[in-house]
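> Using the sequences plus the hints, can you model the full thing?
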Amino acid sequence: MIEVQRLTKQFKDTLAVDDLTFSVTPGLVTGFLGPNGAGKSTTMRVIVGLDRPTSGEALVDGKSYRTLDAPLRSVGAMLDAGQVHPRRTASAHLLSLAATIGAGQGRVREVLELVGLPDQARRRVGTFSLGMRQRLGIAAALLGDPSTIILDEPMNGLDPDGIIWVRSLLRHLAREGRTVLVSSHLMGEMAQTADHLIVVGRGRLVADVATHDLLQGPSSALRVRTPDPLRLTDAVTGAGGTTDAGDEGALLIHGLTAGDLARLALAHRIEIHELVEQDRSLEEAFLELTNHTTDFRAQTSPERTVLS
Amino acid sequence: MTTIHSASTRSSAPGSGPTLSRATHSELIKLRSLRAHVVLLGTGALFLLALGPIQAIGQVLSKAEPEPLGTVSAAISVALTGGTTTALLVGVLGVLSVTSEFPTALIRTTLWAVPRRGLAVTGKVAALLTLLVPTIVLSTVIALEATRQVLARADHPMPELSWSQPSVWWSLLAMMLFATGWALLGQALGWLLRSAVGAAFALLGLMFALPLVVLALPSGVEHRVWPYLLSEAGSSMMRLQEGNPAGLAPGPAALVWLGWIVVGLLLATWAMKRRDA
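If you're matching them up, the sequences are chains A and B in order.
By the numbering used here, the letter at position 271 of the first sequence is numbered 264, and the numbering carries on one by one without gaps.
Here the numbering used here runs 6 ahead of the position in the second sequence, where the first position is 1.
No wet-lab data here; the hints were simulated from the structure.
Any given hint might turn out to be false.
Restraint-style ranges between C-beta atoms, simulated for each label pair [unchecked claim]:
1) A:165 <-> B:269: 38 to 44 Å
2) B:282 <-> A:266: 35 to 41 Å
3) A:7 <-> B:147: 55 to 61 Å
4) B:241 <-> A:106: 34 to 40 Å
5) B:282 <-> A:55: 36 to 42 Å
6) A:97 <-> B:229: 53 to 59 Å
7) A:97 <-> B:161: 54 to 60 Å
Among chain A residues calculated to face chain B with C-beta under 7 Å, some are [what the hints assert, rightly or not]:
8) 42
9) 55
10) 58
11) 63
12) 65
13) 76
14) 81
15) 90
16) 98
Every residue, glycine too, gets a C-beta built ideally from N, C-alpha and C.
The following block contains the structure:
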């Protein structure tokens, strides 16, 4: 359980996090989304006690990170895959971390096995690919078998196999009742991985919403193909819906359910060749949510959109 | 792929987190697993144990009357010829043991595992001492014993260096304090400045440039401050001359030396507590 309460972090001349409040519950994969510079990494650093908040607080299981008895057993974190000395071997790096909780070679071998690097233990980390470093970072995060897991951009640099692996690992960890917070800019990936999304822009909360609800938001549409688009458009407008031109001659219809539209077409005897319910993509939903907040120069109004 | 918890338990029971001995063990693994660290320590040991005896051999072989070897303390200072070089090398080791974590941001991983800053700083101190103290003591003993053997074989009369003399034992202790002091001040400056080059220069500045600055002060101030300078305390501690005219006696000098180290490490801890990593 992670609780971020009215967190503000001011660096010299930038306000990285601005009065941010959210909580991350166990048993779900929570995605942490936002454009670059939105304050995701800063928030994660505050959660694990690396940065001190200017005001507000971040609690893990009700305590601030620096006061946890066994930090590595409570929170597994990978904040940046580069946080390893390149001239150290993978196993020396993990052993040095394992030593802080009294674990040893056995546990190191287990986590290396778990992330698919059992044969790379004696290699220097500097020779690793980005994907292998991500795996090593995840191995470090899992060393203490923590109840909370925080990963910053874990899919970066992974091949498709790796992405599928991370996704199923995250789901598995959540199903075991752990709290899982994952940041990513790969929004499509988050749509398939996260159960819940926390969206930030310019350090502020933009949305705290179930992934399902966000995708089913107001701009989800029906995609329809018909040889008679003009009559269908009239009929839809008459029934209170709106239409848009879709790609390749399709029509996008808003404000009607698939059933409504089918009945409408039948009543007007309009031929329909295709009728598909189309969720808006997470990218669309995301851009819609953050278009107020991505531009750093233009506007300063404090408005915020909160869906839930 | 699904065996995430097997050996370890899910609980965060008290006592399962970082203690001083665990933090020390962790830092020891880090110290030993970088070749640069091992090379610095090995070279430091080599200089200390070899230079003195080599110097002694030179003294013995030279036909000229060996005027500097009149006293026991002079013989000891020959034995510890390598001491200053060794101190420089382990000072750099101290700097690197801390600053190597900053460019790679490894420090964030370290502080994730050991979030209490005081414990993180102390763990590094304890790990360095664990490696350094036995190495320095052993190298110093070898240097003293080898020098003693060499001097005993001289044709012309040489002062006897013997383990029954208290000043020999003091020189062993002082050499250990001297080398570890450089290393720990290196660590303290590493925490404070977070850059290898910056910390190394600061360490050299403290040892060699600060005395020059103090010399430029009005002589009343200079006389009062002089004995308490890091470099002065260090050399007074190492100096075994009976009746040392200026400066502190070896014992008080050692206390001043330790004071500098403690203050440096406290400042480092304080800075780490306040700063974002």
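> With reference to the structure, classify each hint as holding or not holding.
Structure-based check of all given hints:
Taking the beta carbon of each, residue 165 of chain A and residue 269 of chain B are about 51 Å apart, not inside 38 to 44 Å as hinted. A beta carbon spacing of about 60 Å between residue 282 of chain B and residue 266 of chain A contradicts the range 35 to 41 Å that was offered as a hint. Checked against the given bound of 55 to 61 Å, the beta carbons of residue 7 of chain A and residue 147 of chain B, roughly 57 Å apart, stay inside it. Take residue 241 of chain B and residue 106 of chain A: their Cβ atoms lie about 55 Å apart, and the range 34 to 40 Å is violated.
About 23 Å separates the C-beta atoms of residue 282 of chain B and residue 55 of chain A, a value inconsistent with the hinted range of 36 to 42 Å. One distance hint, 53 to 59 Å for the beta-carbon pair residue 97 of chain A and residue 229 of chain B, holds here, with the actual separation near 56 Å. Checking the proposed 54 to 60 Å range against residue 97 of chain A and residue 161 of chain B shows it holds: the Cβ atoms sit about 58 Å from each other. The criterion of a C-beta within 7 Å of any C-beta in chain B is met by residue 42 of chain A, whose closest approach is roughly 5 Å, and the hint holds.
About 12 Å separates the beta-carbon of residue 55 of chain A from the nearest beta-carbon of chain B, more than 7 Å, and the hint is not met. Residue-level restraint check for residue 58 of chain A holds (minimum Cβ-Cβ distance to chain B is 6 Å; threshold 7 Å). A distance limit of 7 Å between C-beta atoms decides the matter here; for residue 63 of chain A the minimum to chain B is near 3 Å, and the interface restraint holds. Contact between residue 65 of chain A and chain B, as hinted, is supported at the beta carbon level, the nearest pair being about 5 Å apart and thus within 7 Å.
The beta carbon of residue 76 of chain A comes within 4 Å of a beta carbon in chain B, closer than 7 Å, and the hint placing it at the interface holds. The criterion of a C-beta within 7 Å of any C-beta in chain B is met by residue 81 of chain A, whose closest approach is roughly 5 Å, and the hint holds. A hinted interface residue such as residue 90 of chain A counts as satisfied when its beta carbon comes closer than 7 Å to some beta carbon of chain B; here the least separation is about 5 Å, so the hint holds. The beta carbon of residue 98 of chain A is not positioned within 7 Å of any beta carbon in chain B (closest approach about 11 Å), and the interface hint is therefore violated.
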